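Order-wise, the sequence lines are chains S and X. When we follow the numbering used here, the leftmost residue of the first sequence carries the number 1, and every step to the right adds one. When we follow the numbering used here, the leftmost residue of the second sequence carries the number 1001, and every step to the right adds one.
Hints were generated in silico from the structure; no laboratory data involved. The model shown is predicted, which means the values in this text are computed figures rather than measured ones. Possibly wrong hints are sitting among the right ones.
[As the list claims (entries may be wrong)] With a straight-line cut-off of 25 angstroms between C-alpha atoms, the simulated DMTMM-like cross-links for lysine to aspartate or glutamate are: (1) S:182 - S:247; (2) S:236 - X:1187; (3) S:182 - X:1228; (4) S:182 - S:298; (5) S:182 - S:112; (6) S:182 - S:12.
Given next are the chains, with one letter for each unit.
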Amino acid sequence: MQFDRTLIAVRERSVLDILDLALQVCRLYLWPLTITMSLGVIPLAIINYWLTNWMLPSNAEALVAGDQRVVGAVRCVWTTILLIVIEAPLASVLATSYLGRVMFVPAPRVRDAIREALPYVPRATLCHLLLRGVLPAWLLLLVVERGSEYSLAEMLLLLLTLAVLVQRTTAPFLNEILLLEKNPLQAADPQAITVSRRNRMLHGSNPSGLLVQALCVSTLAILLTLSVFGALLSAKGIVLDDWSVRERTFVVGVPLAMWIVAGFLAVVRFLAYIDLRIRQEGWEVELRMRAEGSRLLEQLP
Amino acid sequence: MSSDALPIDTTVDIVTPEGIAFHYQVAGPFRRLPAYVIDVLIRIAALIGLGMLAQVLSIGLGAGSLAIWILAEFVLSWFYGGLFEAYWNGQTPGKRLMGIRVLSATGRPVNAYQAILRNIMRTVDLGPMISGEILGLPPVPLIPTCVLGLAVMAANRRFQRLGDLASRTMVVIEDRPWLAGVARIEDPRTYQLASYLPADLRVSRSLAAALAHYAERRRYFTPLRRREVARHVAVPLLAQFRLPDNTSYDLLLSAMYYRLFIADRADDETHAARAQAAMTGSPPGAPAAPADQPADASQPTVLRGGP
């Protein structure tokens, strides 16, 4: 492995350049990223279905009024949107691990990336479940009063989502720190770089830059989700010659579009992480120094 | 992807028919989006302005003013981009503001045919369109999703949408001239350490480039981080130069940088000044300080460099 020969060009980039580069990375590694992302998404999609599907009036209740059906569908879709927003980084754990290999290994195998990530997956999952609001979100939905139209727990879920978004804006690279840097959560050695210390090193000096980046990426993510959902609707209309929009279209289409965009955003986040390390820690300088150091050591008698 | 392949990047190399090679950074869909939004806003503003003008003209022209407005709307919708790009050398107002330009795929300026074709094809790139039936309207393509254009752009290295492929064009980010500076060395201990380095100090080209890179970026790093980054090269160099192990890694690399890039330059400037003085008869050494006064090296020395 030659440290100064990365397979993704290392240099400082603007947010828009990072988004463009992410498209190139998605094109070249479409299938591995689809597989690793799906491995994270499928269990979460099943959990979300289990937590929210009761909000939809079932077919047996076909006699309920049309308005009630719409209200149920909107409630279900809205809750699923909040859940996906919270869960997206957890779903991209394996994809992030794969992307870490893409930097140095030509055509890395998914199996190797998963094998390498496995020891760290429990820790990353635990961090997301406990520190990034995934478990509280699930618990809130478990205590929702199923009979009532309005629930305090659902309001709390919205507040939790906002809190998680703020937390993620100020410290967005938890997966990268846990899976690629492999920093420990806690360490006895006061000099050791723990997750929180790495977080402060990475995010502490430029919070306004991170905020601008988060706003820009979030806006584009919403637009992309709408575009993908529109394309799915269009594909359904063209293939089935059915342009009608039923509740189920939203219940299936919106989460599908969101997960597709979440996969793309995982690549964007990884590239933004590389960019931040380049800016703040001189990562590209370090890679170069390591390569030169290796050469010098070989020359020493 | 083989290890010898070019790294994934948003750049392309174009060799013109004359055999001249150019290195371009191509603009992808996200880089182009702000320019497109600006152009759409300009078109909307122009249409509103024309609408108001048509209202005023309708007093004198009657229905004729509506025809003029419809004609203007048609021209703006279909030829705004094409005409601007044809006459402004590949730029619309939005592209000019965002510093991007349309070029033909061979690196030459676009011609009017290419400019107009790529803009007319935009309608296809905005697809698939959602039918108006979804909103209970007649079955006409109504809401653009842009996914087709996005997918086509993502599928090629030059980010060409269907309009670009049809007209053989691409959108590049304009080169801006930049200044490459010689990094400042603030710590006077650097010069002391530099004097302990071998007189015939020679390093490989890659190590010299790495040292220059380090010197340029080190001022952004914390002392701890400087030590962490410099350690990789400093440890073998300390052994090679037989310097004490407790020598500061950062100082060693700065001293090497000084010896390789600044001290020799000061020598050259001294020699040039002496030669100039000999030719003009002025006292030698007046304009430039001798090389053995390292304090001069801390003065900013900026050189103009190419991109």
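Tested hints:
| no. | hint | verdict |
| --- | --- | --- |
| 1 | S:182 - S:247 | 44 angstroms, violated |
| 2 | S:236 - X:1187 | 68 angstroms, violated |
| 3 | S:182 - X:1228 | 17 angstroms, holds |
| 4 | S:182 - S:298 | 28 angstroms, violated |
| 5 | S:182 - S:112 | 17 angstroms, holds |
| 6 | S:182 - S:12 | 24 angstroms, holds |
Checked against the numbered hints above, the structure violates hints 1, 2 and 4; every other hint is satisfied.
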